[in-house]
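2 protein chains.
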Amino acid sequence: MKITNILGSNDFLESLRGKQANFILALCNAKTYEIKGITQAGIPNKIHLTPTIDSEFVCTGQIRSLEDIAQTPKGVPSPALITRAVHVLKPFCNIELLNLGLEVLPQIDYFKIHNFNLQASEAINTNARVKAFEVFQKALDFGKNYEGYNNKDEYIILAESVPSGTTSAKASAMALDYEVQNLFSSSFKKAQNDIKNKTINEALKHINKNMDIFEKLSCVSDNMLIFYAGFILGLSSHEHKIILAGGTQMACVLLIINSIINTMQGVFNSTNIALCTTKWILEDKNSDIKKLLQMCDFKINAYASDFDFKNSSNKALKMYDEGEAKEGVGAGASLCYATINNIKQKDIIEQIESFLNL
Amino acid sequence: MKITNILGSNDFLESLRGKQANFILALCNAKTYEIKGITQAGIPNKIHLTPTIDSEFVCTGQIRSLEDIAQTPKGVPSPALITRAVHVLKPFCNIELLNLGLEVLPQIDYFKIHNFNLQASEAINTNARVKAFEVFQKALDFGKNYEGYNNKDEYIILAESVPSGTTSAKASAMALDYEVQNLFSSSFKKAQNDIKNKTINEALKHINKNMDIFEKLSCVSDNMLIFYAGFILGLSSHEHKIILAGGTQMACVLLIINSIINTMQGVFNSTNIALCTTKWILEDKNSDIKKLLQMCDFKINAYASDFDFKNSSNKALKMYDEGEAKEGVGAGASLCYATINNIKQKDIIEQIESFLNL
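In order, the protein sequence lines correspond to chains R and L. Everything in the first sequence is counted per our numbering, starting at 1 for the first residue and increasing by one. Everything in the second sequence is counted per our numbering, starting at 1 for the first residue and increasing by one.
It is worth saying that the hints were derived from the structure and are not from the lab. There could be a bad hint or two in this list.
Said to hold, decoys possible - Among the chain R residues that face chain L by a calculated CB cut under 10 Å, a handful are:
1. 20
2. 21
3. 60
4. 61
5. 88
6. 92
7. 93
8. 95
9. 111
The structure presented is a predicted model; accordingly, all values stated were derived computationally and were not measured. Cβ atoms here follow ideal geometry from the backbone N, Cα and C, with glycine treated the same way.
Turn these sequences into a full structure, and let the hints steer you where they fit.
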């Protein structure tokens, strides 16, 4: 497998060879997913369970919060399969979960689940009512006090599972006056732009120019976007290297940071941060991760794995190559992590196929 | 390789993926092994050397305390072969030895050997004369002060090499009034029940109802059983996760803990402990590891590796699959450790065969 430099040089990733990765997975529900046709990240009518079962599968290899455990996933299988396969082949040193407002808690023991007393947010077209400043403050404190897993010799991968998250991400970037009309990705091949844009336009009606950043984000954002912005700013006083694991949602986290820093006339040291994503995001014609990242006033390293399912015969997996799913649950960063740990594409595909053939 | 949940869910083991394992090997001689036909854990007339050479082989890959170094082991090869193979393929972060009364010290440099000034115990049929309370106290202190190898990010595997240890384990459980008649394993395929039961019956004649736990254990137990009970209780004030590496002997350690806790009306937090063993123990028709564990008043996670020698052509190794040897020297836990570190059965078998073809 190879890694494409989207921005910056390969030095950041190369410096992580041989080091341990602590995988942090942010989970939340934002009721935007209830808008018909907005996402295909999950099983219809059970999309609220997606972050719950994604985390169960990454941690334990089992799906516990769905009755039909043995059923082969229909439609597009979750990118959690990719992350789990990498974890089996070359384990992360640790997995921690962030409960940022889950409707159903994962049924997991022994793994650290951080709770922040946050609720699932409302749909953005009816005002998301995210407690943005409270979420940001909690995240900032969490980041400042975060000791990591080993304190040394590890980097942190920040991943997410938030169904309909690209919609709130695009709305958030627009609310903060970034020109991002055709730059955001979707879980669909043919992005449902009508529904998505209609939702975003309705959402943006709730904000006005007199609102500060957090007031705007309260209306149109989700807990993950704001939490990770705060967490990264809190962590920036440490020396931890951070990988933002994802595509355009994670780019939005950086745009939020950019807006906060500019408003506060602060300085942000971005040298310890990189974004890692998939080939499917990099090559997506309906979005532009590179342009999004270049809107930040700070420089950022960004990478994409060239992993694909060309050599798989599984039709469900092939849908990734057709653009039906592109990223999520840290899949892109997991693939980059696999690459710098000499895990082979063939072995990852075999491992994923073994999950589907249960 | 797969892991069977004997008791509990797979979460305990899954949470250890990617973490380091500190391998602790308890070694002792108990003269019960001198009773003819009681054990086949070693070379006839040299069985007292078994823990010594097991530890030499796990640590260095060499057997030093037997003259005929190059000779291929006759009969059933020690499960130390399995543990060593795993350590070669995916090294433990550290190996420490506990000298709990060895007749012959292993000829090893650079590895930490903890000495506790303990003597080999007598045969249980003539009263073992274990200094049970002294052993327990030393172990408790050792556990309380144990800092581990890295302090964090590691779990502890507690293994043993004690020839005739299943006999003293069964006698100990019976002395503490557990109904375990057909539940204990043996190194033989056809358990030498006549000799074993005769020995145990003779041993139990030395105890009476007025004795406390430690007085009873002094007569019928061995240093390893008591030491590990104390060590685990001492460690329970730490956050270390512990894997008890073995079959019915390790179950007996838990039964001893159970009796101590019940007598003291104490509370024992068993959530950080699991037992890991082999398929040969799990499938043994002459013993029942699950029932033994269920006799504890606390819950315990227990796992068995599905590793076997089906794909080996070596006749000596095949004897494991025939039930002639089942566990010991941490073999089962090593195989579970191998599984969560993505080591393949094929590679373990090849590695073990290479040891035998020297």
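List in ascending order the numbers of the hints, as given earlier, that are violated by the structure.
-> Nothing - there is no hint that the structure violates, so all of them hold.
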